[in-house]
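Since chain H is already given, all that's left is putting chain V on it; use the hints.
So the sequences go chain by chain: H and V. Quick note: the first sequence uses the working numbering, first residue 5, plus one each step. Quick note: the second sequence uses the working numbering, first residue -8, plus one each step.
Keep in mind that the hints were calculated from the coordinates and are not lab data. Being a predicted model, the structure only gives us computed values, none of them experimental. Built from N, CA and C at the ideal position, the CB exists for glycine as well. Worth double-checking, as some hints may not be accurate.
[Stated by the list, open to error] Example chain V residues on the side facing chain H (calculated, C-beta under 10 Å, incomplete):
| id | residue |
| --- | --- |
| 1 | R13 |
| 2 | L43 |
| 3 | G139 |
| 4 | Y159 |
| 5 | F161 |
| 6 | Y184 |
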Amino acid sequence: METILGIAGAIASFDLQLWILLVVGIVVGLIVGVLPGLTFVMGVLLILPFTYAMTTDASIVLMLAVYLSGTYGGALTAILLHIPGEPNNVPLLWDGYGMNKRGRAAEALGWVATAALFGGLTSWFLLAFAARPFADIALNFASAEYFAIVLLGLTSVLAFTGRSVSKALISLLGGMLIATIGVDSVYGAVRYDFVAPLRVGIEWVIALIGIYALGEVFTRFSRNFAGEVTEQPSSVRTTIPGLRALKERSGSLGRGMALGSVIGMVPGAGATVGSFVAYGLEKNFGRFRHEVGVASPSGVIGPQAAATATVAAAFIPLLVLGIPGSASTAVILGALLLHNVRPSPLIFTTQPELIYTIMGALLIGLFLMFAIGILAAKPLIRMLRVPEQYVLAFVVLFAFIGAFALRNSMADVWIMTGFAFLGFFMLLSGYPLAPLVLGTILGPLAERYFLTTMISYGNDWTIFFTRPLSGTFMAIWVVVLILLGFKAYRQSRSEPPPPGERAEAGDM
Amino acid sequence: MHETPQASREMPQSIAWPQGLRQILPEILLIALAAYLWYRTGVFRQVPAGDLGPDFWPQILTALIALTAFVRLVHKVLLLRRANRSAQAPVGDQNVGEPAGEEDEEPIFRDKAAIVMALSVGYVLGVIYFGYPLATAIFLAAFLWLAGKRNLLTVLAVSLVGAFVFAYTFQKIVFVALPTGVGIFDAFTVWLYRLTGIY
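The following block holds chain H by itself, in its conformation from the complex (with noise of 0.2 Å):
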């Protein structure tokens, strides 16, 4: 009841700047999805720098709507013109488009939509009224019990990145490990400070600004852009499914909810892994998987419930924790930082003023977004005529300035470049980007709550599995590893290929 008064209260004190905000950030978050050289961490860091002069509340507000909507646009274009705005709208490719393709384009756009709005709700009502019983048992976490979860959130992205294990562990490493230039939390050393401007450490924003959108930049300009589009649909009608379509199609939409729900609250497994496991689990389990491939509702309604369910979920260990569960929430995270805000369990009792205005902004925000998403797909689809060569072009403006203004130092331009160049080339090499960033925001959690545990006990490891909260996430870490430890065995033991083909997978 406390809660539900606490958003309405905060719905009903939203000013005219939020309501604006919150508009603007969907509508972004739509545009970006739809544009396929723009991601919507792209989108979330590009309007960072814009969210420096805000107060707290605007700038969170603004960038979950982006965040929000981001997950969504990509659908109107996968369906329509089968080209997928975000990664995770590829499911919708298969069946969204084959429905396009037997005339019922209007059907998938309404199915489509209303799978985003549920599955955004269903995250938003375990945000809602989950995270505060979650962050009173937090509030019995000590940094032992943090860096279980730090460990097994570090240990899950590489579950869920890329076809090499080793490689994925080395890219984690190594932002774990570039993660320790600058002084050190615990003892203050200053540790690989090469050159000055290394002092004072690299902030994580910058190497998500410099991967994903410098290095983006790099990939899209070297890979000679997309091709204009020059395609249009006739007609973008939306046709919201009846009760009676919803509830014959409750099952996937239930499992898209559910499965992105939890996703979300996973480190490193975001709305791409929520879509894609969403439809593998519809094709080989879901009451119409001998229909899902070609031209079915459930091939689109599980992803997309799954894409949008990540995002309220993925505020729940960002807020109670200070963890982010995606690379756009490591931003956002990056925000709250910047204005002072320390999330942890006391977070609902120290600023729920805070909490209750995400939460509230939250859920207009997924309305506003059924609705301007419906409207609003014609104009979205026109936007595919820029051509990506001048959206790329302001992509680089937005790095340049999301980095120089986070500390008014040159130095992080140069570093952001940096990370631009390494994204690029690990890329090049098959290395996947989404462990080094995030071994760049969590290595440091990890290690400032490892040093404190041991320091606390007298350098006894074990304390982490005899304590009986750390030990059961140990214990699942352990099950974790155990499980990827198969994986890469699994991939060194593939066969050779065969003369004259490609080598199959052998790698680890």
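Quick look at chain V alone, frame taken from chain H:
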């Protein structure tokens, strides 16, 4: 950078030593880098005996990187030896032991990659020396032109308007103190800001 698959199919079937060395070079470099970074932890501040110290965590990370790279190296060497011994050899420049599909992406054009990287570095240098507005206008024009946009009027218009809008928005509205350049370029930027009401 990715090569087209056709080029590699005409190479001899066994992997010659130079190609084999290229295959394992990344892992060797990683091990060397990890070793160097481990060595550098020796200069971190020392702590009393019994404390793990600021060097503990970087040492763990560098050791794990070296270990993982070493395991990859051994795995690749074994695959290379197996490939050279058997008739069913992977050919040419194929990456030994890499998962399929890594090369399914669109090809990368090296010249384009070099251009965009040089442009980005040039932009950063340009902002430092020429000031933000001028460097941004030049960058936008160069980027669009080199990206294949040949309508000069459109390119110039977008570059000039874009540079102004960004300078105005972030300098005047968001209050970011953007670099103004050095020497006469600094004077030019300040004059421009005064003319446009930014200052």
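Legend entry - Hint check, F161 of chain V versus chain H [nearest Cβ-Cβ separation less than 10 Å]: holds, 6 Å
Inset, instruction - Against chain H, run the beta carbon of G139 of chain V and see if the smallest gap drops under 10 Å. - result: Check passed: Cβ of G139 of chain V comes within 7 Å of chain H, closer than 10 Å.
Legend entry - Proposed interface contact between L43 of chain V and chain H, which counts if any beta carbon pair is under 10 Å: holds, 6 Å
Legend entry - Interface hint status, Y159 of chain V versus chain H (Cβ within 10 Å): Violated. Min distance 12 Å.
Inset, instruction - Go through the hint on Y184 of chain V and say holds or violated, using the shortest Cβ distance to chain H against 10 Å. - result: Since chain H brings no Cβ nearer than about 16 Å to Y184 of chain V, farther than 10 Å, the hint is violated.
Legend entry - Hint validity - R13 of chain V Cβ closer than 10 Å to any chain H Cβ: With a closest approach of 12 Å, the R13 of chain V hint is violated.
Checked against the numbered hints above, the structure violates hints 1, 4, 6; every other hint is satisfied.
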